[in-house]
Structures are given as structure tokens and as C-alpha cells.
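Produce the entire structure from the sequences given, and follow the hints as far as they go.
Protein chains: 2
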Amino acid sequence: MQNWKTLERRTILKHSKFLRVEEHTIELPDGRVIPHWPWIILPEYVNVLVLTEDGEYLCFRQTKYAVEGTSLAPVGGYLEPGEDPLETAQRELLEETGYRAAEWVDLGHYPVDGNRGAGLAHFYLARGGRPVARPDADDLEEQELLLLSRAEVEEALAAGQFKLLPWAALVALALRVAPE
Amino acid sequence: MQNWKTLERRTILKHSKFLRVEEHTIELPDGRVIPHWPWIILPEYVNVLVLTEDGEYLCFRQTKYAVEGTSLAPVGGYLEPGEDPLETAQRELLEETGYRAAEWVDLGHYPVDGNRGAGLAHFYLARGGRPVARPDADDLEEQELLLLSRAEVEEALAAGQFKLLPWAALVALALRVAPE
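These protein sequence lines map, in sequence, to chains H and A.
Quick note: the first sequence, position 33, residue 33 per our numbering, numbers continuous.
So the number in our numbering is just where the residue sits in the second sequence, counting from 1, plus 180.
I should point out that these hints are in silico values taken from the structure, not numbers from a laboratory.
Glycine is no exception: its CB is placed at the ideal position from the N, C-alpha and C atoms.
Hints should not be assumed to be uniformly reliable.
Example chain A residues on the side facing chain H (calculated, C-beta under 8 Å, incomplete) [what the hints assert, rightly or not]: (1) Ala246; (2) Thr250; (3) Pro291; (4) Gly297; (5) Leu345; (6) Ala348; (7) Leu353.
Ranges between beta-carbon positions, derived for each pair [said to hold, decoys possible]: (8) A:Arg212 with H:Leu146: 22 to 30 Å; (9) A:Glu334 with H:His36: 35 to 43 Å; (10) H:Val177 with A:Arg212: 34 to 42 Å; (11) H:Gly98 with A:Asp264: 39 to 47 Å; (12) A:Pro311 with H:Gly160: 30 to 38 Å; (13) A:Arg356 with H:Glu144: 24 to 32 Å; (14) H:Glu68 with A:Glu233: 31 to 39 Å; (15) H:Arg150 with A:Glu332: 20 to 28 Å.
In silico lysine to any residue, SDA-like type, Cα no more than 25 Å apart, as pairs [what the hints assert, rightly or not]: (16) A:Lys194 with H:Glu22; (17) H:Lys17 with A:Glu202; (18) A:Lys194 with H:Val67; (19) A:Lys185 with H:Thr70; (20) A:Lys194 with H:Pro35; (21) H:Lys14 with A:Arg190; (22) A:Lys185 with H:Glu144; (23) H:Lys5 with A:Glu321; (24) H:Lys5 with A:Thr250.
Spelled out as C-alpha cells, the structure:
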């Protein structure tokens, strides 16, 4: 099986550092050409599920523009230019919660939309989290920090209380490798 | 906690039925106004992990534009206008694989991007799958149908072989409720 070839790419919307849209000319393996394939460029981001030294999970209850009501959420944020995703994850953990973590498990790096791109999600489980500073987040959203048991995280996941695709994805992947 | 208010929405890119971009004027709970918030409208889609009557998982090995090399993938596709996501899931299963399934478990409905929207992902586990027809897919991608054991699906998920965010998300969520 062969990947599709990008013959040409043109920017058709340059909104801001948060969004650019391209149109690609694509060649399929059988030679067919698709002339106007939309492609979306969004910032890469990290999400981190944090397990504390005491065996609790660090989560937020927060609002988010695409989500109705409030949602449970892991730590997360956009990569700064030139930043390695693990650095972003460690920086966001400290900024958003004031915690550091002893052990970082890489849970994968996933394109968000199979046809359009729309960014890359980088997922981590952080073990051995402990508070070392006061949170210093610059997020626009209101948020409340919670410490949940594994059973509470599992129930919340099953009940759809992690309401966003990357949040549910990260939590489901992290629980597979976190200690029971 | 209060959700952000959308004061105004303007279309700034009308590409096709596959992509529209808006700019929103947003009011935060503290009264601040954000005038140029980008918002992406993509089609809603379903993904389905299918467990056959024989206890095997139906997956594809396929290419996808946003993914390097090949990936394992569940059944999936876009909602047609007016279609209920469960209908889409059942239609896509039949078209892509020629299977029907006896029992459908709803695994949730998730906005794809917390800030930009970028569509809704609808996830299902289908149990009791059995072949009833020849596949009749109109997808552009080359794909090969596979029957995998639960252990093979688990290994592939851990190895990052479901390479796309919604695919890894669906598989991780589905394994939580599928029988061991």
C-alpha cells in the first residue's frame, strides 16, 4: 500500500498562529489527482494524566468553548515554537497545577484528523506527582483542581464526563498502563 | 462556572461540504470580549470497533492522508445530512465490511477540538458481528480487512499501530467494555 502524494500545497487562509488552512493537490496510488483537498494546520498540543505520589489522579473541572457545561479534563496545552512535547507537558503540569512528576510514560503521538490534519496530540502519563509550587496558569478558562481515585476516574470516563475527544482518549490510554 | 458566550459568528472560509471556517466574537464570564476566535466546521463522523460472533475484532490495515505508512483502523465514515450517528455506524459497517452486528454499545460523542470544534466523533462498539454481504466501500484509501484477537488489538494499541487520534481513542474506550 502506498501513501498519497502531495503534489502541491497553497495557503488559502492565514488566520493567526492558531489556524492556517491549505489546499493540497494530491495524487492517489492509482494515478488519480484530487485538486482541492483542504488541509488544516493547528498547533500541536499535549495532554497529561497525572498520578500523584499518594495514588490519586490530578484532574480539572473546567469549561471549554467546544464543550457544553463543565467537563473533567487532564492537564494540557499547546507546544511553544521549538518546544519538545515532553518539555511542554512538564511545563504545563507545573504552570497549571504547581506539581512536578518523577516518571513520564509516553502514550503516543497522534494526528487529530485523518483527512485534514488539524494538529498533533501528544499524550503522557506522569507518575509520582507532587506539589512543588503555586499554580501560575494563564488559561482563559475557569478551572478547579481535583484529586480523584482510580475508581472515580473510571466512572467519570464511562459516564462521558471527559467530554472532549483528546481528553477521553488520553484517560482511556493512560488507565491501561497506570497501576491498578 | 459559566460557559463562554458566542456574541457573533461570521463565515470567513466556505471551502466545501468538508470544511467551513468561522470567526466568532466571544464573551468570557468576566466580561472580556475576544473578537476573532477561529472556529472550524468539519463533518461529524463515526468510528466502530466490531467484535464478531467468533470473538475476533474486525479492523483494517490502510493508508490515510494524515498518517505516515499504514495504520490499523476501525470502521468509520462521515454522517450523511440528516443521518443519526448510529445509522451511519451501521451503514458504514455494512458498506466497508459486508458485516452486520447484533448489539451496539454507545461509547460517547466527543467534540474533536476544545477550542476550534472541528467536528464531532461518535464512537460505538458493535458485538455479534457476522458477514451478510460483499463489501461495497467507496473510500479512496486502499484497505485490507483483518480479523484480530483481543491480545493482538491490545498489543497494536500499545505499540501505537492505531495511528490516528480517534482510532486510538475508540479502541481504548471499546476494550474497556468489550468482554475479555
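Tested hints:
| no. | hint | result |
| --- | --- | --- |
| 1 | Ala246 | holds, 4 Å |
| 2 | Thr250 | holds, 5 Å |
| 3 | Pro291 | holds, 4 Å |
| 4 | Gly297 | holds, 5 Å |
| 5 | Leu345 | holds, 4 Å |
| 6 | Ala348 | holds, 6 Å |
| 7 | Leu353 | holds, 5 Å |
| 8 | A:Arg212 with H:Leu146: 22 to 30 Å | holds, 26 Å |
| 9 | A:Glu334 with H:His36: 35 to 43 Å | holds, 40 Å |
| 10 | H:Val177 with A:Arg212: 34 to 42 Å | holds, 40 Å |
| 11 | H:Gly98 with A:Asp264: 39 to 47 Å | holds, 45 Å |
| 12 | A:Pro311 with H:Gly160: 30 to 38 Å | holds, 32 Å |
| 13 | A:Arg356 with H:Glu144: 24 to 32 Å | holds, 26 Å |
| 14 | H:Glu68 with A:Glu233: 31 to 39 Å | holds, 38 Å |
| 15 | H:Arg150 with A:Glu332: 20 to 28 Å | holds, 26 Å |
| 16 | A:Lys194 with H:Glu22 | holds, 13 Å |
| 17 | H:Lys17 with A:Glu202 | holds, 16 Å |
| 18 | A:Lys194 with H:Val67 | holds, 24 Å |
| 19 | A:Lys185 with H:Thr70 | holds, 14 Å |
| 20 | A:Lys194 with H:Pro35 | holds, 16 Å |
| 21 | H:Lys14 with A:Arg190 | holds, 16 Å |
| 22 | A:Lys185 with H:Glu144 | holds, 20 Å |
| 23 | H:Lys5 with A:Glu321 | holds, 12 Å |
| 24 | H:Lys5 with A:Thr250 | holds, 14 Å |
Every hint from the earlier list agrees with this structure, and none is contradicted.
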